[in-house]
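Enquirer: Sequence:
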Amino acid sequence: MSMPPPPPGFGPPIPVTQPYPHAHPYQQPQPQPHPYQPPQPAAPADGPEFVAHDRHNSVVVDASGIGLEVNGHTMDFPWAGVATAHFAPAPHGHVLMVAVRHPGGMLYECRVAARRRAQLDQWLAELGPVLHHYLANRPPV
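Residue 17 in the working numbering sits at position 15 of the sequence shown, and the numbers go up by one each step.
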């Protein structure tokens with residue numbers, strides 16, 4: 003009686019090789035250069051910046067785009083991903099409302115509470131020229 007052939011996938015064992023051959027068993031291996039190099043941070047581009055924040059939310063506008071943080075959740079929008087940006091004071095209280103419309107139509111909003119009315123007025127005066135600087139001379143999205 004003959005033996006049936008082994009099922010597919012079985013065969014002789016695969017030889018095991020040393021992943022890091024050492025000249026001496028107690029010698030430390032030589033460090034190898036890592037093939038992946040993380041991207042280096044780009045030099046900050048020239049241009050105006052705007053920052054407004056409270057205990058929970060923040061708005062940052064700079065040369066890289068618009069960043070909104072709402073209760074610890076951060077949304078970064080590069081200028082190519084911003085169709086329009088709007089801002090206004092809230093109807094009640096000392097709150098700055100900033101909205102970013104994505105080219106796909108989605109609207110993202112952030113509300114930042116100012117401690118005083120004077121701080122809100124300063125934010126309103128500073129934010130308009132900064133947004134105009136970045137949005138005025140770009141092609142339509």
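Honestly, I wouldn't trust all of these hints.
[Unchecked claim] Computed spacing ranges between beta-carbons, pair by pair: (1) ASN139 x GLU111: 22 to 28 Å; (2) ARG119 x ASN139: 30 to 36 Å; (3) GLY106 x ASN73: 21 to 27 Å; (4) HIS94 x ALA138: 29 to 35 Å.
Note that these hints are calculated values from the structure, not bench results.
Keep in mind the model is a prediction, meaning the values are calculated, not measured.
Ideal Cβ positions, reconstructed from N, Cα and C, are used throughout, including at glycine.
Enquirer: Honestly, which of those hints from before does the structure not fit?
Expert: none
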